[in-house]
Structure formats: structure tokens, C-alpha cells
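Asker: Counted the way our numbering counts, the sequence shown spans residues 30 to 316.
No lab work stands behind these hints: they were computed from the structure. Errors might be hidden in some of the hints.
[What the hints assert, rightly or not] Calculated cross-link-like contacts (lysine to any residue; reagent style SDA-like; alpha-carbon spacing at most 25 Å): (1) Lys110 <-> Asp136; (2) Lys211 <-> Ser112; (3) Lys110 <-> Gly219; (4) Lys211 <-> Thr94; (5) Lys51 <-> Glu223; (6) Lys51 <-> Val100; (7) Lys110 <-> Cys165; (8) Lys110 <-> Pro36; (9) Lys110 <-> Gly129; (10) Lys211 <-> Glu88; (11) Lys211 <-> Leu189; (12) Lys211 <-> Arg224; (13) Lys138 <-> Met106; (14) Lys211 <-> Gln188; (15) Lys51 <-> Ser62; (16) Lys211 <-> Ser198; (17) Lys110 <-> Glu160; (18) Lys51 <-> Pro34; (19) Lys110 <-> Glu75; (20) Lys138 <-> Gln184; (21) Lys110 <-> Thr94; (22) Lys138 <-> Asn122; (23) Lys211 <-> Asn145; (24) Lys211 <-> Gly196; (25) Lys211 <-> Glu150; (26) Lys211 <-> Trp175; (27) Lys138 <-> Ala126; (28) Lys51 <-> Thr102.
[Stated by the list, open to error] With beta-carbon atoms standing in for the labels, derived distance ranges: (29) Glu248 <-> Arg109: 39 to 49 Å; (30) Ala245 <-> Pro225: 34 to 44 Å; (31) Glu47 <-> Ala245: 49 to 59 Å; (32) Arg200 <-> Ala48: 49 to 59 Å.
The structure displayed is predicted, hence computed values, not measured ones. Quick reminder that beta carbons are idealized off the backbone N, C-alpha and C, glycines included.
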Amino acid sequence: MPALPAPDYPVDVRARLEADAKEVIARYPGARSALLPLLHLVQAEEGHVTRTGIRFCAEMLDLTTAEVTAVSTFYSMYRRKASGDYQVGVCTNTLCAVMGGDAIFEDLKEHLGVGNGETTEDGAVTLEHIECNAACDFAPVVMVNWEFFDNQTPQSARQLVDDLRAGRSVRPTRGAPLCTFKETARMLAGFPDERPGAVEATGGAGPASLIGLRLAKGEAVPGRGADHVIAPRATADGAADGTGGEPPSGHPAEEPPPGHPSSHDAPQQTAASDDQHPAGPAAEEGE
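Given only the sequences and the hints, what does the whole structure look like? Please build it.
Answerer: The following block contains the structure:
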């Protein structure tokens with residue numbers, strides 16, 4: 030068991046954190062709701078959630094340290110031990126894995142000499158596998174401090190971590206310029222990114238994510254034939270921009286079912302929707 034109670038922050042650090050914490054707490058009608066951003070705030074101070082940080086959050090919100098610990102250990106975004114300046118997360122969920130994510134993760138473990146959740150000796154990089162980076166269009170994906178590095182290979186991932194460890198400039202594939210994990214944690218606590226041009230550089234979805242939207246709008250996608258264009262959905266009177274409704278498969282020669290803009294909108298004949306064959310047990314148990 031650790032020695033109790035946890036030590037407090039130095040006086041100057043405590044005063045600074047209290048001012049920030051009060052600003053965060055004031056955003057919520059109930060102080061308890063500020064716990065998640067306060068955990069990010071103390072993580073921004075030390076790089077992980079320490080016993081001192083837990084004590085601070087508990088005192089600011091009038092909670093027990095057990096309540097704060099329960100939350101901080103539930104979410105993987107809160108680090109429970111000292112970690113690197115750069116959290117390198119390799120997506121190993123299904124799509125990224127089969128596209129090369131597993132190979133990237135294994136290669137980086139060997140290249141860096143660390144295992145999952147471990148940090149290099151120089152304190153620069155913490156490596157971990159992540160279940161999903163929510164960027165399947167760009168698989169395999171690596172994230173550094175929650176910024177995207179798309180379409181990675183073992184070779185490009187090795188170069189990425191080497192550049193991070195050497196202090197060389199590294200730019201994400203899309204999004205804001207890279208910063209340290211502590212700086213990222215402060216932003217997650219709800220404080221603005223004050224770096225010049227960082228907010229403007231955030232950007233939106235990449236082109237691969239927008240192809241489906243362009244098809245749904247009836248726009249042609251470069252490199253695709255006209256038969257890949259999906260007409261806009263029909264309006265209530267069965268027409269949309271003169272198309273007469275969306276073809277079932279997106280091919281202009283196919284007609285939609287009457288009354289339904291596309292085949293996947295038509296109700297299915299299931300027990301729940303068929304009055305002639307209702308769902309549910311037909312006899313008493315044992316009969």
C-alpha cells in the first residue's frame with residue numbers, strides 16, 4: 030500500500046492549478062461534472078495522473094480520493110505511470126490490422142526495444158496499440174498525441190519515431206501541428222491551443238472520407254465511371270432533381286421499388302413486421 034496521504038503540490042504549482050481548476054469548474058452547473066477535464070489538467074502538469082493529482086481533484090470537487098481513482102483508472106486516456114513526450118498509438122483493430130497495423134506494431138516494438146504501454150529510455154516515446162483510431166479510410170493509421178499519421182508502413186513508422194526521438198520537426202498527415210503530450214492534455218482540459226496558426230491548421234475530413242458524400246450527392250468521383258454515381262434520394266413525391274429516385278444499387282439502369290427511394294429502405298418481412306407470422310413463443314414451456 031502506498032504511503033498516505035499523497036503529498037501536495039508545491040505552493041506555486043498549487044496556486045496556478047487552483048486558478049485553472051476554478052475556471053474549469055465554473056463551466057458546469059454541477060462541480061462533479063468537471064472531474065474529467067480536471068484529470069486532464071493534472072495530467073498536463075506531470076505527464077500522468079499521480080496520487081497528488083488525484084488528491085487535488087478530490088479536494089477541488091469535494092469528492093473522495095476513491096471516487097477520483099475509480100474514474101481515472103476506468104479511462105485509458107489517463108496515464109497511470111510516467112510516460113513519454115509522444116504517445117505513439119498504432120491501430121490494431123480489424124481493418125488497420127489486416128492492412129498492416131499488426132506488422133507496424135510488432136516492428137516498432139522491436140525497433141524501440143519496448144513493449145505495449147512502455148516508454149523508451151530517453152523518455153521521448155511511449156508505444157501502445159489502440160483498438161480504433163476512427164480513421165479506417167486511411168488504414169493503417171498511427172496517432173501521435175491524438176494527431177493522425179495516415180497510410181503508414183513499417184518503414185514510415187520507424188522514420189516517424191526516429192524523428193520524434195531526435196527532436197526533428199514532424200507534421201501530421203492532417204490536423205494541427207504536433208505538440209507534446211502534456212500540451213495535448215491541457216487542451217483536453219478545455220484550454221485553447223495558443224500556438225500561432227494551430228487552430229486554422231486543424232482542417233476537416235480527408236478526401237478518402239468524402240468520396241461517399243460526393244457519390245450520395247450525385248457527383249462523379251475521379252477515376253470512376255458514371256455508373257458509380259448514385260442519384261440523390263427522392264423527395265416525398267418520388268422525384269429529386271428529375272432523377273425519379275435513387276436506384277437500388279446506384280446503377281442508372283435499375284429501377285427503385287415503388288414507394289421506396291432505394292431497396293435498402295424497403296421494410297423486410299420479419300416476424301416483428303409480419304402480422305401473419307407474429308414473433309413469440311407458440312406454446313407453453315415444455316409442450
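Asker: Are any of the numbered hints broken by this structure? If so, which, sorted upward?
Answerer: 7, 9 and 32
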